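S.K.: Quick mapping for you: the protein sequence lines, in order, are chains A and B. Using the working numbering, the first residue of the first sequence is number 13, and each one after it goes up by one. Using the working numbering, the first residue of the second sequence is number 3, and each one after it goes up by one.
Each hint can be trusted.
SDA-like cross-link-like pairs, simulated, lysine to any residue; straight-line CA separation at most 25 Å:
{"id": "1", "chain 1": "A", "residue 1": "Lys-321", "chain 2": "B", "residue 2": "Met-49"}
{"id": "2", "chain 1": "B", "residue 1": "Lys-41", "chain 2": "A", "residue 2": "Leu-335"}
{"id": "3", "chain 1": "A", "residue 1": "Lys-321", "chain 2": "B", "residue 2": "Phe-43"}
{"id": "4", "chain 1": "B", "residue 1": "Lys-87", "chain 2": "A", "residue 2": "Asp-127"}
{"id": "5", "chain 1": "B", "residue 1": "Lys-87", "chain 2": "A", "residue 2": "Val-360"}
{"id": "6", "chain 1": "A", "residue 1": "Lys-53", "chain 2": "A", "residue 2": "Leu-274"}
{"id": "7", "chain 1": "A", "residue 1": "Lys-300", "chain 2": "B", "residue 2": "Leu-24"}
To be clear, the hints were calculated from the coordinates, so they are not data collected in a lab. What you are looking at is a predicted structure, and each value in this text was computed from that prediction instead of being measured.
What follows is the residue order along each chain.
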Amino acid sequence: MKLFTNNKQEVPIVDHCKPDGSKWSITEKLLLGLSFQDYKKQFFRNPFNWAFIIIFLIGTPILIERYLFGLGTVTHSSSDYPWGLFLGFGLFGMVPLSASGFMLGTTVELFGRKDFHPIERLALLNGLLGYFFAVLFLMVDLGMPWRLPYPMFVSLGPAAVLFLVAWHVATYLSVQVAEVLPSFFEWLGWLKGKRAIRSMVLGLTVSGIILSTLHQGALGALFTYAPGKLHPLWLSANFQWIHFFCSSIFGGLCMVIVVSTLIKKFMAWRCDDHFLETLDNLSLGLAKGATLAMITYIVIKFVAIAHDKEWAYLLTGWGQYYLLEITVAVVLPLILCVWAIRNDNATVVRFAALIVVLGIIWNRLNTALICYNWHLYQEIPHWKEVAITVLVYSSYIITYRFILYRLPIVYEWKGEK
Amino acid sequence: MKQVVNNQKGLISFILMVQITLAFGMMLFGFIFQAEWAKNFMVGVGMIKPMHTQVDYYTYIKGIEYLMCVYYFMTFPVFYMFLSKKKKK
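Here chain B stands alone, though its shape is the one from the complex (with noise of 0.2 Å):
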């Protein structure tokens, strides 16, 4: 029994690493080599967009900073997990 859900902990952690890498990968490709759709999400999300008032513009900031806080404090676990986590030879 627990060397299945240790199996499972395995699978998910290998999955969400995946799909971190992937999106970070994307992301990287997509600015590095100037792809249009990396400007279009950008200036989609408000990334590029000029703000009117202070208000706007600090709400949005803390808004993409507390987002990624958050992403990065759920995934650091899991990150360290894997990386803990030895392949069987």
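In isolation and in its complexed conformation, chain A is listed as follows (with noise of 0.2 Å):
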């Protein structure tokens, strides 16, 4: 596309008209002002999308299997581990990293931190598709979607965190689509919806603290149902909520971080010049975030431990295991954050702030698959287990730069608003 961009005066497209005063259908708009042949080219000139073509040559017919012939086909779970990579890593580790949209919410629209607006249409991008594809990975693993109705509408379990989780995911999905609707009409040209949104931006924003406040915890709270498998280490009952959420706030803003640095390096054709002078500063902001939900979450780790006295596991090799995970994936990045932030080094910053997302999911899967059952045996994932979760994983990124290319996330529309 950077080819394109320099040579073309229309490309990349950030208003209704063309140059020539004329509109843009919306066949050009999906095209991004390419003709058919220009963005066949592109495609394939790009060389992570042969990568993608591979991983989905190689995926699809597994994933096809996994619904023909059942998730033992495809998995090792069994009783013993109900929760493989697909809940562990696509559940368990996509939510609390996209923690993002309701943490930016917050920050813009009511506490009024106005200088966090560029950054705020991308967290709240970056929160949808997060929870999309965590949905995605548990209709993976449940298989048959057509039944999905039964336990939202028909069975009702109200006394099941499960219940719970299934509602609150669901309604703040809603709640994340409407928050990312307005870019979509802005790119659309429908400004009458743009303007129903905004008039209740108010309160789903209320609304989606509620919601991801309640069902980052009740992940938590999942694991109180099998308090004799996970590691003690890993699950206090009394915490487990309160571990879930805190660790969300800084996953969801580290991830923010991460995935701006990733569209400056790869992107930055598509984002408007006010994005990528404040992305600095603005990284460091979220970052001064992190590192006080970090110092937060280490001290509730430690009361944790000192609440069901755990103190003897920690001269265990699993404690070892479990101070290891708390000081590369948190203590480290604290550490580099702070001296990142009394510096104004943004580069730091996002080093530290990879570490935090590779240190959450490293977190949520010794949660739900490397020390659960720690006492019986280890399980290894299935390979088609692994392929699947690949294939998934790689449909989130795809999605997440059609809409990029596409809709005014980090970029100004220059039409009318």
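Join these two chains into a complex; the hints should help.
M.R.: Below, the structure written as structure tokens:
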């Protein structure tokens, strides 16, 4: 795309009108103002797309196999290990990294920090796609998506944590769709729709806070179903919900830093000058919020150990592994962030944010998979399970990129708003 | 005068931060490498001592929890100040 943006004046599209005054059609907008031939050319020129083609060629038949012959043919799931990579990585890992939506929504719309406005839409989109694909991972794990209305409407289980999570994720997903719709309506040129959504934005933001606070915590509470299976250092019946909620705060913020860095590096042609100029300061601001959440997280992790009197476990091999997780995934980025914020160094903040994102996934995999059944045996995921996970995650990246290329997320729409 | 007070505050926050980092770092180091002193420390302060009554148990765990919380509530504002203060270029 860089080649076309340098050579063609009308590309990238930021307005409803072409330079000659006529209007862009929807098809032209979808093709980014290129002819079909040019679009095809730029698609095949990108090496990432070739990698995605290979992933889809391998993954799609395995996904079909999973739906035709059942979960057992592609995973090592059993009654001992009910949650494999689909939920351990896809649901428990992606949901905390999607907390950015409500964090930035609150910062901008409720607390009035308009200086974070350039990155707000990116955070909302990150939240929406993260949740949507977490639901897709869940669908792959559950199978029979046409039976979904039964636990939601027909056969209710209001005493179950899963019921709470299902309803919260469903309603919060709807809220996030509504929050991202204004940029879609701007792109489409339907201003009435945009104004209608904007009039509800305060309500949507408040709903977002309530729903995501509850279900981030509820995801942690799910593990209290298996108190004898999970290692005591990773499970604290009283504090599990707050561990999950608090880690989602810095996880979500750091995910936005990582995504915005990738956008700046690989998609600078799509960003406007305002976004690019303010990004360093915004990253430092987000890191500051993340740092405060990280220090709180460390304290509540140790308060939980004190509450359950589990100090003795720290002197075992599992305890060493636990402390390694805390040190590498939280203490190290905390120190890096503090140094970087005080020295105005956005590059170090970005590196620390990457460690946090990987650390959150590590923590969730530890909780759902590695430290699960710690006194039995270790489950090694089936290679087909890995292939499907990579396939669904690739779809996430492709969808993310498709939307960023088109909608006014990292640039301001210049036409009538 | 204001400058001197600010400098003092900055110095106090810096010293506190260094102390906290050192204490935390030593604790992590001790536990990760299973140092003998870490085990002795835990035995000495009753962290791995068996409790015989529920009252003893709750008094002990709540005591540690509250101490940690009080320490955190004192540290957080200092940490925030430390974080907000940019180094002069």
